[in-house]
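S.K.: Sequence:
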Amino acid sequence: MKILYFSPHPHLKLQASTGYGTHMREMIRAFEELGHEVKFFIGGETKSSPTPSVQSDSPQTNLWKSLLKRFVPHIVWETIKDAQLIRTDNQRGQVLERMCLDFAPDVIYERSHYGMASGVMIAQKLGIHHVLEVNSPNVQERIQLSGTSWLSGKAKKADNYIFSQSDHVLTVSTRLAEMLDIPAVSKDWSVTPNAIRPGQELQESETKTRSDLGINESTFLVGFIGSIFEWHGVDLLIDAIGFLRAKNVNVSALIVGDGVIKDDLIQQSQTLGIKNHIVWTGTVPHDQIHGLGKLCDCLIMPKTNMYGSPVKIFEYALCHKPVIAPDASPVREVMENNAHGLIVPPDASEITRAIVHLKNNSQLGAEYANNWRQKVLCQHTWKQNAAVALVRFTNFETRN
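Just remember that the working numbering sits 1475 ahead of the position in the sequence shown, which is counted from 1.
To be clear, the hints were calculated from the coordinates, so they are not data collected in a lab.
One thing to keep in mind: the hints can contain errors.
[What the hints assert, rightly or not] Derived lysine-lysine pairs resembling DSS-like cross-links, with alpha carbons at most 30 angstroms apart:
(1) K1514 to K1488
(2) K1488 to K1632
(3) K1683 to K1737
(4) K1632 to K1600
(5) K1477 to K1556
(6) K1662 to K1683
(7) K1488 to K1683
(8) K1858 to K1488
(9) K1722 to K1769
My request is simple: use the sequences and hints to build the entire structure.
M.R.: Here's what the structure looks like:
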């Protein structure tokens, strides 16, 4: 089968180190491992983009933007941004159509983005099957981050149109599908949580020891791996470590990754007097994260949103360490509390209790780690997700 992987988002890049980059790369790899021929069009890749809309702005353009933001009402500014996105979507559609005519794909596999409908429109125009991957409530998320525009309603209608016209809609959680009313409007719908590629933990370019990082061998080490954003709750982990150190409990934290609030969190650790008990690695190559995770006694994701499927908890399984996961419906959809790990509310006191429980019950923690690893390896691989995406089209004649 010939698959054209399409991401119309004007900023997402295939080689990004964040979760979305992993998701895109692994799905493309999984399609290829299943024997399919894959070409891709990633809208945020400026080098290959045929349109000027995704090129970096000049200093003069940035100056004009700053002046406009200062004097133009916010809703007008957001409407201008939405209008530009619509133009970009039209340009993306033209490129996608040319690629389809040249490649003749059987399926367009699209990673959805706010208000961009060119993928399903070109699929319908050319009689190509269309699969839509939905990772977030695009319209709601856009309004929360940037505010409304006069075109927000148009974007909502575009989303509903795409959900109803795609041949197969995939969401990362049931909760997300329910938020978007996808079960009621989609022709066909499945849940494909995030996943792992078995063996990826073995492809390490460098192995570090605790000694290399200045971490005492006797300390109970709690690890966090990922981008450091406010919504990931790393501040809650630091609070928990601070409380336990104040009680003379021998615990430390290893924070693998970087992010916009890292400096604030370092200051938080200094204020709590635990600067020497929080180790920061900064950004590391993806092929080193599992080795760092294996240095820890447990791994944690303190917080997540109500609809997303956190890729961290799946990759943690490959480190073979017990996991403390956030209490959210997408997490409970894949993990069972006290069987695959500990699921706790995003609260420093609850996280503190979970750390102490694992510290005092190492055998139970090992059982959690084994159970979670086995479930992930059996049920949550990228290759399985790719197969689900294409299951309706395995034996078909291309539409006319």
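S.K.: Does each hint hold? Answer for all of them.
M.R.: Results of checking the hints against the structure:
1. In summary, the hint linking K1514 to K1488 is supported, as the alpha carbons are separated by about 15 angstroms, within the 30 angstroms threshold.
2. At roughly 26 angstroms between alpha-carbon atoms, K1488 and K1632 fall within 30 angstroms of each other, so this suggested pair holds.
3. Only pairs whose Cα atoms come within 30 angstroms are accepted, and K1683 paired with K1737 is accepted, the gap being roughly 22 angstroms.
4. Between K1632 and K1600 the alpha-carbon distance is near 19 angstroms, which keeps this suggested pair within the 30 angstroms criterion.
5. The hinted pair formed by K1477 and K1556 fails the criterion: a straight-line CA distance of about 34 angstroms is larger than 30 angstroms.
6. Taking the CA atoms of K1662 and K1683, the gap is near 49 angstroms; set against the 30 angstroms cutoff, the hint is violated.
7. In summary, the hint linking K1488 to K1683 is supported, as the alpha carbons are separated by about 29 angstroms, within the 30 angstroms threshold.
8. Between K1858 and K1488 the alpha-carbon distance is near 21 angstroms, which keeps this suggested pair within the 30 angstroms criterion.
9. Note on K1722 and K1769: the hinted pairing holds, with a Cα-Cα distance of about 26 angstroms set against a maximum of 30 angstroms.
The structure does not agree with the numbered hints 5, 6 stated previously, though it agrees with the rest.
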